[in-house]
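*Asks:* With these hints in hand, go ahead and build the complete structure from the sequences.
Sequences listed follow chains Z and P, in order. The opening position of the first sequence corresponds to residue 1 in the UniProt record's numbering, with each subsequent residue numbered one higher. The opening position of the second sequence corresponds to residue 1 in the UniProt record's numbering, with each subsequent residue numbered one higher.
Derived by calculation from the structure, the hints in this document are not laboratory data. C-beta atoms are modelled at their ideal positions from N, C-alpha and C, and glycine is treated no differently. The reader is advised that the hints may include incorrect statements.
[Stated by the list, open to error] Simulated crosslink set (DSS-like; lysine-lysine; CA at most 30 Å straight-line): (1) P/160 with Z/167; (2) P/160 with Z/240; (3) Z/155 with P/91; (4) P/91 with Z/201; (5) P/160 with Z/245; (6) Z/245 with P/91.
[What the hints assert, rightly or not] Sample of chain P residues facing chain Z (criterion: CB under 7 Å; computed from the structure): (7) 70; (8) 86; (9) 113; (10) 115; (11) 116; (12) 163; (13) 183; (14) 196.
[Unchecked claim] So, partial list: chain P residues that the calculated Cβ filter (under 8 Å) puts toward chain Z: (15) 57; (16) 83; (17) 93; (18) 103.
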Amino acid sequence: MRKAVTLAAVALTSTLALGAAAPVFAADASPSPSSSHNASSSDSSASLRLSVASGKPGAEVKVTVKAPQGSTALSVSSKALEDVRLSPAGDGTWTGTAKIAKVADGNYGVSLTGTAPDGGKLQATAQLTVRAETPPPAPTSSLKLSADSGRPGDKVGVTIRTAADAKNAYVTSDAFGGRVDLKSDGHGTWTGTAVVAKGVKTGYYGVHAFAGGKEFDTVKFSTEAGGGGKPDVKPVTPLKPSEHKTPKGSVNTGQAPADTAAAAGTAEATTHA
Amino acid sequence: MPEQPTPPRRDGRARRAAALAGATALAAVLACGCSASASSGSDAAAAAKAASALPASVPDRIEIPDIKVDAPLDTVGLDAQGEMQEPDFAKPDDAAWYKDGPTPGEAGAAAIVGHMDTPQAPKAVFFNLKTLKKGEEIQVHRADGTTAVFAVDEVGTYKKDDFPTDKVYGDTHGAARLRLITCGGDLTADRHWDSNVVVFAHLTGRT
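*Replies:* Next up, the structure:
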């Protein structure tokens, strides 16, 4: 295998001397990462850099090689790369592109070998992680208000759901007198309570939602000035005790989303205090 | 299961004797695992420190600080079969007061229901209701400007086909009680839940 690589590297050297890009290695022709170099021949004067640390099969990777000017037999190899194409970019830099091979998910070594102008060996390595499945997209942020209208003094629950790594979340609205910071549960849910501003005028106001410092949504909130800050009294009057009715049995207060499979708790008739 | 009326004032010896009797009764209740009997025990204990009932007033908001609930209240009534209507599935963050019963703070067992989850909301307003513990506070804001404050007595989970109607809605002998109800237990084939979680609480005061 090493002989085959060396032969291919010689071919590359010839091509590089002509200043043209050329395919160098197919994945099958590459040595395994562990056998492509040994510690005793490493040389810090060469470097190998990949444009990405991970990717899926078929994705393009940019390869940058730095080595002393006049180096020969430069070759880049990896089981995870195919169609490597290198071109001299001057100043001891070679660049090229490669396609990630159809290999199993995992971490792969990428090796650079070559010969320095003084005849010494050049070596460098890099790591490439191959993942066939695209990682799930970051969850989109969402904003929820417990009410879409209110009077001065009313409390409005605010919930923002973000990616778990969001640094902060808040809303701003003239209806709430400015900014309302929210507290995180550490898992991407931010909650807080906004209070409808005392001096607010009747009308519609935008509630602007921010996560990680960026605005991602605006919802409408309507206000009604005056009224002493008390919520609307529902058009319901309490019944006289003699008119009270006892419901029959249980009440339906839930239905799990379609992807829910686990039970929420015991089904036994249990109590705790 | 009717509960005991508020006990009259006793001297120290009588109180200790009553406490001992109560403890014995509670131990018996726990030993037999009879949740219905457990209610009367805890309600009787709660009655000793319960506040006087308030005048009727429609509630408009509920706060339960320990599970971070701060929700507006809609209303539910009875359906044609005499069963309590389900809260609005389109408002998973709202709870609902049962308007054909007492108002919270008024004498009797007032009921507030809320979803545990909905198809669109994996965690609805009462998702964490089952985690409430004895003594934790529930505040119900009312249209007359008062806030009725309750303390949790116990939390029970009951199969819907064996729901303890008397324990939940039965006569409180003039005491102001609150019941918070949501779903729990195991998922059914249609992704509903086979049980109800019920929080039993008594009025401790008003603000």
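*Asks:* Hints first: check each against the structure and report whether it holds.
*Replies:* Consistency of the hints with the structure:
no.	hint	verdict
1	P/160 with Z/167	violated (43 Å)
2	P/160 with Z/240	holds (29 Å)
3	Z/155 with P/91	holds (17 Å)
4	P/91 with Z/201	holds (27 Å)
5	P/160 with Z/245	holds (19 Å)
6	Z/245 with P/91	holds (25 Å)
7	70	holds (5 Å)
8	86	holds (4 Å)
9	113	holds (5 Å)
10	115	holds (5 Å)
11	116	holds (4 Å)
12	163	holds (4 Å)
13	183	holds (3 Å)
14	196	holds (5 Å)
15	57	holds (7 Å)
16	83	holds (5 Å)
17	93	holds (5 Å)
18	103	holds (5 Å)
When each numbered hint is compared with the structure, a violation occurs for hint 1 only.
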